[in-house]
Amino acid sequence: MKGLIIVLLFLFPVLAFSDVLDTIDNPSAFGMMMGGAIYTVYAGPQSIAYNPAGIATDNGGLFFSHVEHYLGIIRNDFLSATTNFGNLYFGGAFQTTRAIDTDYTQYRFYGSLAYRMDSLSVGGNVSAFYGTDIVNGFSVDLGSIFKLQNFKFAITLKNALANITWVSSTVQYYPVEIILGAGYENSSINLNAFGNMTSGEYGIGLQYFITKYFSLCAGYGGTFGQTGSFSIGTVINNYLGFDLFISYTFLNAMNFGQSLSPFTVSMSSNFGG
Amino acid sequence: MKKFIFFIFLAVPVLIYGFSLNLTANPVFLLKNYTVTITMTASPLFEPSDARLLLYDYSSNSTQTLYNPSVSSNEYIWNYTVTDYSDYRAIGMVITPEGTYLSNVATFTSNIPAASVESTIVYVPFISNYMPSVFSQITNIGSKMLTFTAFSSPSGLTISPDTGQISPDQYENVKITPSGVFLPGKSYTLDAIASTNDPRSGMSEYLLSRFLIGPDGLLVTPVHVSSTTVSVGSSVEFYFSIYHSDDLSISYVYVTWITPGRSQTFSLSASGNDFASILNITSAGTYTLSQIIVGYNYKGQILQMVLSPSINVNAINSSNSMNIELVNGTNEAIISVSSTSTPYVVVNDGPIVKTIQMVKTNQLWTGTYDYTNQPGIVNVNAEFPNAPSISQTFTKYEIHGMTNIYLSDNGWITIPSNAFPSGALVAVYTGTFSPQNTYVGYSTFNQISDSVSVSSNVTPAASFTYNLYFSSQLVNGLFGNVRVYALEGGKWTLSSILPNVGMEIATFSAMGGTYALGMTTQIQPGTSPSVLSFYANPSNAIGPRNIQFFLTVNKDCYYKIYIYDMRGRIVGSQSGSAIKIIGNLIYTLDTTSISNGMYVAVVGVGSSPNAFTQSKTISFVVSR
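Protein chains in written order, with my numbering: chain A, 1 to 273; chain B, 1001 to 1624.
In short, the hints are calculated from the structure, not lab data. Warning: the hint list may mix true and false statements.
Said to hold, decoys possible - With a straight-line cut-off of 20 Å between C-alpha atoms, the simulated EDC-like cross-links for lysine to aspartate or glutamate are:
1) B:1616 x A:101
2) B:1175 x B:1118
3) B:1616 x A:58
4) B:1144 x B:1216
5) B:1299 x B:1370
6) A:147 x A:58
7) B:1616 x A:19
8) B:1144 x B:1050
9) B:1144 x B:1057
From a predicted model like this one, the values you see are computed outputs, not experimental measurements.
Okay, chain A solo, but in the shape it has when bound (with noise of 0.2 Å):
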């Protein structure tokens, strides 16, 4: 009973604290034209940076993403792989955010761990974070997927436990975040969308498939009370033993003449998963 407290207590400290872990969370650019509602699908290596219980896939091996954020002052890059014995998935990943004009680096590294069972999966990621303000920082996420016939559904706790060691000596906790997917697939279409409870940020994704190895799809994602951005993308798969996804992102057009989160490319190779 005591442990189930404590691990409440870690969980849901929302109300305790300001504001969630301020990172970037959608660094594939998969995920950035399904507006980020990812949280659903298998999704390979690059659902550790979304939930880790998709993972659980055969779509497993390395996957690569570089994300040129707001007229590419911050620059993203996100290399994750898998691998599996029989139902039991592994997964690792690096992440660096950085300015090109201020001195200021950020290194996130996952471990992830799933498990598949016929209809539903379950996975875990732990990070670490350093960079240069950052002393150290940890996190845990949890995430499952559950299959109902076309339906699909997902829960994750993103960044439970979270806490950073600034260099000013401050440590700063952070909330779990409590993220809630939704998704329907069928051989034509795939549906998707997923609230963030505790963050307000939202995202609703469609991928249309004309070919088995070829894709399209569109986006919207934000936070509630403030502007989205509309993505559009395409997945080719096995092009060249590589899927490739390829993203545009019109973050603000209203206000913007020029697109703030231009171009995004994502490479997945299947040599291993």
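Fit chain B to the supplied structure of chain A, relying on the hints for placement.
Relative to chain A, chain B alone:
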């Protein structure tokens, strides 16, 4: 035992009638390792066989005897170097065949507080709101507690700390800051002096620092606002003065208010040394007078002084309201207040402060005030028992020239009748001009896109040069948009006359005809503004503090700034207009409400409020 013997010497002096020995020590107070001179004067002169000095050291509790003085006439001199922090007593002894003679007791000490100060002379040739501080160090090089009291002579320097105690071998850093009123054009010499308990001769007072200030300079006095808590619908007057030396000229004065959701920049013109304008409160929230920018020309250089007064005015929604109506052709202002409670109405008209008697009709209270014929701002303030006050103002302008037109903040124009041929539209606020020489009338001017007509049906003999003065409030900082329209064939068309538009003034020459002066918010095609610089200060905010964002553009324009976190969420935004000066302060981000990490600021600039043709992005870091 030695001490006892020494005191026996002191207590039982051997005195011989008619003969005396006088012993003195100089200096009485000295530092360790310094030399004291002990002089014994014999009277009358006699031939001693032996002269010696008995010296008792209190700290070592020892007595030593010094022999072989240098002899000069009837003086016997011993030089003794003090090697310890101690008190000393000395007694001279002369042994002659007739007997032994003892002198009086002389004392000296090295056990004292002693100060050491490094003085600084600071030359501040240019008086401004930012005067340099200097630090001066007082060190106790003695062996006892040093106390000091610092003061400014004459007054005008703030010294911190101004009193204190310093232990031996310790020091105190004293900060000295000019804090008096220093008017440009004059020269000042101020000394910061420390008075100590150092007993050494002539060593009790030390010059910490000398400030030589002036005579050049530019000084902005503190800003006054007519009220800091008002109802929505009020207008708040703000004013300050600028003093400068003769070798300096003011180019421009801008005041930026951060209003709810946007910023507003005023360009102020001088009335003598005084600068004033009015902020209209249109919605509830906090209005912050964030920045004053003074551009000036000094020794051939175009320079800029930026001040951040950070004065807040809180605007609160209220069911009460006030309206001022200026009666055409008179000096009468009708003040109407809608309120369920009795308003207390006071008018400030220059030096005049007058309480207005209000007459109630239903919920409307009405009173009148005859304003003076002096230029300036008239402030009308209504206070209520249980509601925030309402403050409104109007401005009176004075005509200074033959061909000047003035547009007031309130949408009135003023023109002397002899400035134009008959038929011109003119307005109130005649100032020192007599009413019979002034065509009285007015044209309301509510939106910046409106045109104000100044027309003539009399053909002048030669072209006139017309000066149009306008308020930056009305044009929202969009200089360069003054147009001249001509009435030809019953249709208004853009004239071939090109106005020469500067800050708050447009000049154009015209022959006879009917013309209109217009101001539009639309910037001409092909002249899109561009961002020359955009930066955050500080770009790495360590600790809870504000980050300010500064924008420099190549022409007057609109802007919108967004602050994003790494997850694309907007943590702050603001829109407004920026003007062609260096470093418009366009946004202040309070970092206390956001978490640590990296953020980006994106600014868009454009010729209209909602279409931005250029963007620039910078990153910054919040770290607590």
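For each hint, the structure was consulted:
Between the alpha carbons of residue 1616 (chain B) and residue 101 (chain A) the distance comes to roughly 12 Å, so the proposed pair stays at or under 20 Å and holds. This hinted pair checks out: residue 1175 (chain B) and residue 1118 (chain B) have alpha carbons roughly 13 Å apart, not beyond 20 Å. The suggested pairing of residue 1616 (chain B) with residue 58 (chain A) is violated, with an alpha-carbon distance near 43 Å, which exceeds 20 Å. Proximity of residue 1144 (chain B) to residue 1216 (chain B) is assessed by CA-CA distance (about 45 Å); at most 20 Å being required, the pair is judged violated.
For the given pair, residue 1299 (chain B) sits about 46 Å from residue 1370 (chain B) by alpha-carbon distance, which is inconsistent with the 20 Å threshold. Distance hint between residue 147 (chain A) and residue 58 (chain A) is fulfilled; the C-alpha atoms sit about 16 Å from each other, no more than 20 Å. Between residue 1616 (chain B) and residue 19 (chain A) the CA atoms are separated by roughly 27 Å; this puts the pair beyond 20 Å, and the hint is violated. A hinted pair counts as satisfied when its Cα atoms are at most 20 Å apart, and residue 1144 (chain B) with residue 1050 (chain B) does not qualify at roughly 38 Å.
With a C-alpha separation of about 17 Å, the suggested pairing of residue 1144 (chain B) with residue 1057 (chain B) holds against the 20 Å cut-off.
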